[in-house]
Amino acid sequence: MASISAKRLAKELKEIQTEGCPVGVNLLRADDFQTWLFSIEVMGESLYKGEVQTLQFRFDSNYPISSPAVQFLVRENEGIRAPIHPHVYSNGHICASILGTEWSPVLSVVAVCVTLQSMLASCKKKERPVDNDRYVLHAPENPKKTQFHYDDDTV
Amino acid sequence: MASDAVRAQVSAKWQESFARLNRDQPGITGLLNFSRAFAISLSYLHPRDINDPTVVRSANVPHVRAAMSTVNESRMLPYVLDGYLDEVRKRFNLVQKDVEVFMAEYAESSDPDVIRRLVFRLLAWYEAWTPLPDLGPVILSGYSLTFQTLLFSNLPPTFATGFKALCASTLPSAIPPSASTPTPSDYKMWAAFESLGLIDRFESILASVGYEHIEAYVLEMCKGKWSEPMLEGLRNWMSGKVVPWMLLAYARGAKSTEEARNMLQGVGSRFDFHMNKTLCDLRTNEIFDIIIDFPDSMGALVDLRDCLQRVDQRAELVAALRKANQKRLLHPGAETKLILSQYVATIKCLRIVDPPGVLLFKVADPIRRYLRERPDTIRNIVANLVGDDDTGDSLVDENEPIQPLQQADAEDYSDPNWEPEPIDAGPDFRANKPSDILSTLVSIYDSKDLFVRELQVLLAQRLLSITDDNVERVEKERRNIEILKIRFGEVALQVCEVMLRDMTDSKRIDGHVQSQEESVVHPTIISKHFWPALESTNLIMPGQFQKLQEDYATQFTHFKPDKRLRWLPNLGTISLRLELEDRTVEADVPPLEAAFIELFSDKNIWTIDDLTKAVGAVDRAAALNALSTWVDLGVLKEDEEGVFRLLEVAEEKSALTKGGKARGTEANPGAGGDGVLPPVTQQQQQAEQMRIYWKFIEGMLTNLGNLPLDRIQTMLKFAPGYDQTVEQLGAFMEAARREGLVVVREGMWRLNR
Amino acid sequence: MKVTVKRWHAVAQWRWDTQTSNDPQDNDDDDDDEGNVCGICRIPYEGCCPACKMPGDDCPLIWGECTHVFHLHCLLKWLNTPDSKQQCPMDRRTWQTAERKVPVINRA
Chain V
-9 MASISAKRLA
1 KELKEIQTEG
11 CPVGVNLLRA
21 DDFQTWLFSI
31 EVMGESLYKG
41 EVQTLQFRFD
51 SNYPISSPAV
61 QFLVRENEGI
71 RAPIHPHVYS
81 NGHICASILG
91 TEWSPVLSVV
101 AVCVTLQSML
111 ASCKKKERPV
121 DNDRYVLHAP
131 ENPKKTQFHY
141 DDDTV
Chain R
228 MASDAVRAQV
238 SAKWQESFAR
248 LNRDQPGITG
258 LLNFSRAFAI
268 SLSYLHPRDI
278 NDPTVVRSAN
288 VPHVRAAMST
298 VNESRMLPYV
308 LDGYLDEVRK
318 RFNLVQKDVE
328 VFMAEYAESS
338 DPDVIRRLVF
348 RLLAWYEAWT
358 PLPDLGPVIL
368 SGYSLTFQTL
378 LFSNLPPTFA
388 TGFKALCAST
398 LPSAIPPSAS
408 TPTPSDYKMW
418 AAFESLGLID
428 RFESILASVG
438 YEHIEAYVLE
448 MCKGKWSEPM
458 LEGLRNWMSG
468 KVVPWMLLAY
478 ARGAKSTEEA
488 RNMLQGVGSR
498 FDFHMNKTLC
508 DLRTNEIFDI
518 IIDFPDSMGA
528 LVDLRDCLQR
538 VDQRAELVAA
548 LRKANQKRLL
558 HPGAETKLIL
568 SQYVATIKCL
578 RIVDPPGVLL
588 FKVADPIRRY
598 LRERPDTIRN
608 IVANLVGDDD
618 TGDSLVDENE
628 PIQPLQQADA
638 EDYSDPNWEP
648 EPIDAGPDFR
658 ANKPSDILST
668 LVSIYDSKDL
678 FVRELQVLLA
688 QRLLSITDDN
698 VERVEKERRN
708 IEILKIRFGE
718 VALQVCEVML
728 RDMTDSKRID
738 GHVQSQEESV
748 VHPTIISKHF
758 WPALESTNLI
768 MPGQFQKLQE
778 DYATQFTHFK
788 PDKRLRWLPN
798 LGTISLRLEL
808 EDRTVEADVP
818 PLEAAFIELF
828 SDKNIWTIDD
838 LTKAVGAVDR
848 AAALNALSTW
858 VDLGVLKEDE
868 EGVFRLLEVA
878 EEKSALTKGG
888 KARGTEANPG
898 AGGDGVLPPV
908 TQQQQQAEQM
918 RIYWKFIEGM
928 LTNLGNLPLD
938 RIQTMLKFAP
948 GYDQTVEQLG
958 AFMEAARREG
968 LVVVREGMWR
978 LNR
Chain W
4 MKVTVKRWHA
14 VAQWRWDTQT
24 SNDPQDNDDD
34 DDDEGNVCGI
44 CRIPYEGCCP
54 ACKMPGDDCP
64 LIWGECTHVF
74 HLHCLLKWLN
84 TPDSKQQCPM
94 DRRTWQTAER
104 KVPVINRA
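Chains as they are written, first to last, in our numbering: chain V, -9 to 145; chain R, 228 to 980; chain W, 4 to 111.
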């Protein structure tokens, strides 16, 4: 029996292919049902104007019951960095409630992209999280393993 | 004045010669003896005229022998011989005269016996002029050569024809079978042939006699006869009837069977080869019809297989079959069903003829490509699979074990039975090798999904057409599905499982509802997403139908509180009884018809516009169609265009309204899937088509007078898009006859003038 | 003329009653739309959840007090995870299964 994640992701993919993505969001790669890549650009006037970020989604076989592992893609040697935002660590991990306690199976990949897009858009000041360096030093590879505390309601 | 030296030379020569001729005899006796001996020899060797009884060769052979040895002692024999041969040349005109006489006779009578007599006559001349055997083989062969050369240059070209006929007449005829043992006179004749050098000279004619005889026999015995293998019989005939003749012709001098066999080896294998080739060519020409006839033509296929091993004509076979397919099979006139069954037969036949499958591959490709283009190929295959066919023949062998579909596999080098491809295999050969028939058919398309979809559609149609409580039919479908699951896989047929369960659930639910509140409604309740897309409609059932629906739906929801029903009113069948003033009409009709007639129970006259509005707006063509059903049953009448009246009292049936046919019988449920039109419209289309073809037929009959039905059919097949069977044509012609357009007598149709 | 229906072999689709109001039950929808799918698996209610093979009673729906409806299996899967906090996936209110109302029948 095909996994529920495969069936759900197939539907989401089909919808993206027929209806397209919201403005500023583009599907870069969806070759399998394990890892997908999107590009995110914040439209209009914002601190991130002109910046294009890559968002990586990783799914396990229980998606959408289980949330996807989402992070910005970082490649130090190519000069690709995570956006500078109080909730985004320099290794690309994101502290957003929607990815953790506020995840719901009725959400979708596109919904997450849009949410993160607006998270960036509504940012007032470009700065790293307070505990960035310490976190990055000991961070697990998979951001889901981290117990984030969501102290900010803007996400 | 001759010089002394010259004189001396001449004198020396003379002395030498004299000594030679005189030898050791005293005086000139030697010379005299020699002279006598010389004369005797010449006289003996002189080519005499055998017609002249007075000139007789000397009987005193020892005498001649002695004379010749005398001459030989003087070493003058060569001169004698030269002289002799010269004489032969000069006197050959005697022989020539005879030749002319005989050939003139042959020109008139064409009787091979004339040639036979000529040969013996020539032999007589030959023997009359033959030198003594004592003179040695060299002399003899010299004479032979001279004689034969002269003979051949003197024989007219017509002799060859006559000779051929003569040889052919010595063959034992096959029909009626005659004795095959040669007669003594036969033997003599062949000896004569040999002496005269005719066998070598006309070797190719002789061989061609043999070839033609074999060919004629093979064709006579084997043409059109395919049920038994013929090769063994042919070989027996060869050794029984032909070999004795061959012995005469080629192995007369053999002193033992061993020697004879050796002498016959070359000719024998050539003849055997020719026999195989003839049979091979014959079967190659017949191959298309052999395949049609399969499996009754098994014998021919086995023969072909065996012949091909000796005679490598595989390329010719492929070319012939491809050409035949192109001409007779792959054209618009052939029904898809026919092409499919011929394709399957081709597979089976070629697998017998060529087990590695190279031939099949080359032949199958055009057929497969053509089938892929036809829109109804999948439907036909699938229909045949589930036994939906009109014919009883199953494409897929029911005795083959049912197994999952095989995909084309990559090379399996670990297989111990792996063999390299045959040398004449094409580049795609290995890539294309599923072994059972169904897999082969499915592999025409790139994926089996198309098949699965078609299967679903077909199953849906069949299930929806079950209008009664017939549990057996549902069970039959279940069994089909089980088999198909093995072939196509469980996942692919999951929806079919659901469809089947809907059927049994419907029955159970209906049972419960009926027990609560009896209803004439017995619905099939389906799970929306597991049935193929069915036509949607705006139809609203009026009057009592509405109430029936609502009541049932209420009961349903009582039974299943979380659920409700959504009717598909355009599907299904309603069994009605109409009680009219003077009669009762019973009919099973589709819902639209029922809706309309229900409206007529309120009001006797309706316009078509009002009718369509009253049922929620339906297609005008469909409405007309539905109404024509009632018209055909004599229930309604179209008084003026678009206005219909209820016939409470029966009236004379008027002409059919345009389009449509009476359908007082069980109607098919509406669409089966993907928006396919209901069958009646297709019938209308067919009737239209036939009217177009009427123009062709009219033209044919005008120009060609009388024609039998199958001739008309053959010619119509050239018309674009013509796809009727000869039975359908027959029915059409019959209809035309009733209308007085044509008449028929003893199977011949002509226009009615 | 009197028309008597002897037997009517009809065809109907069964539907879950996911209407929240008392609309008449006929031609109401193009329900291939988003409206009538389970939010969790995105499969129509009349289809079955990803874990099942047969729709209908074998794969029923569950109605919440909050009026949201899901496939039973889908919701249970969700509620069985600690992250769910027993909340409705749509509105995050604590899930409360509705008492099934008897549908109101609209009769003239």
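Treat the hints as calculated values from the structure; they're not laboratory data.
For glycine and all other residues, C-beta sits at the position ideal for the given N, C-alpha and C.
Treat the hints with caution; some may be incorrect.
As the list claims (entries may be wrong) - Think about it this way: if two alpha-carbon atoms lie no more than 30 Å apart in a straight line, the pair counts; the simulated DSSO-like pairs of lysine-lysine are: (1) W:K5 - V:K(-3); (2) W:K56 - R:K840; (3) R:K864 - V:K(-3); (4) R:K755 - V:K1; (5) R:K550 - R:K944; (6) W:K9 - R:K830; (7) R:K755 - W:K56; (8) V:K1 - R:K790; (9) R:K864 - W:K9; (10) V:K1 - R:K712; (11) W:K9 - R:K790; (12) V:K134 - W:K9; (13) V:K135 - W:K56; (14) R:K675 - R:K575; (15) R:K391 - R:K450; (16) V:K115 - V:K134; (17) R:K840 - R:K830; (18) W:K88 - R:K840.
To be verified - Facing chain W, a subset of chain R residues (Cβ under 7 Å, in silico): (19) A387; (20) K391; (21) V725; (22) L727; (23) S742; (24) Q743; (25) V747; (26) I753; (27) W794; (28) L795; (29) S802; (30) L826; (31) S828; (32) D829; (33) K830; (34) I832.
To be verified - Here are the computed distance ranges between Cβ atoms for each label pair: (35) W:D94 - V:Y140: 54 to 60 Å; (36) V:G40 - R:S763: 48 to 54 Å; (37) R:P559 - W:T7: 47 to 53 Å; (38) W:P85 - R:E745: 51 to 57 Å; (39) R:H785 - W:D86: 51 to 57 Å; (40) V:L18 - W:D86: 24 to 30 Å.
inquiry  = With the threshold set at 30 Å, check whether the alpha-carbon distance from K56 (chain W) to K840 (chain R) stays at or below it.
reply    = violated, 42 Å
query = Taking 7 Å as the limit, does the beta-carbon of D829 (chain R) come near enough to a beta-carbon in chain W?
reply = The hint is violated - D829 (chain R) has no Cβ within 7 Å of chain W, the shortest such distance being about 10 Å.
task = Mind checking the alpha carbons of K134 (chain V) and K9 (chain W) for me, to see if they're no more than 30 Å apart?
result = violated, 66 Å
message = The hint says 51 to 57 Å between P85 (chain W) and E745 (chain R); measuring C-beta to C-beta, is that right?
response = holds, 53 Å
Distance restraint between K9 (chain W) and K790 (chain R), which requires alpha-carbon spacing of 30 Å or less = Distance ~27 Å between K9 (chain W) and K790 (chain R) Cα, so the pair holds.
inquiry  = Holds or violated: the 47 to 53 Å window for the beta-carbon distance between P559 (chain R) and T7 (chain W)?
reply    = Holds - the Cβ-Cβ distance for P559 (chain R) and T7 (chain W), about 49 Å, lies within 47 to 53 Å.
inquiry  = Interface hint check: S742 (chain R), Cβ to nearest Cβ on chain W, cutoff 7 Å. Holds or violated?
reply    = Not OK, violated: S742 (chain R) not within 7 Å of chain W, min 17 Å.
message = Tell me if the straight-line CA distance from K9 (chain W) to K830 (chain R) falls inside 30 Å.
response = holds, 22 Å
key: Evaluation of the interface hint that places L795 (chain R) against chain W, nearest CB under 7 Å   = holds, 5 Å
query = Are K88 (chain W) and K840 (chain R) close enough, with their CA atoms no more than 30 Å apart?
reply = violated, 55 Å
key: Restraint check, 7 Å cut-off on beta carbons, for W794 (chain R) near chain W   = For W794 (chain R), the interface hint holds, since the closest Cβ of chain W sits about 5 Å away, which is under 7 Å.
request  = State, for the Cβ atoms of H785 (chain R) and D86 (chain W), whether the hinted interval 51 to 57 Å holds or is violated.
outcome  = At roughly 40 Å between Cβ atoms, D86 (chain W) and H785 (chain R) fall outside 51 to 57 Å, so the hint is violated.
Of the numbered hints stated above, those contradicted by the structure are hints 1, 2, 3, 12, 13, 18, 19, 20, 22, 23, 24, 30, 32, 33, 34, 35 and 39, listed in ascending order.
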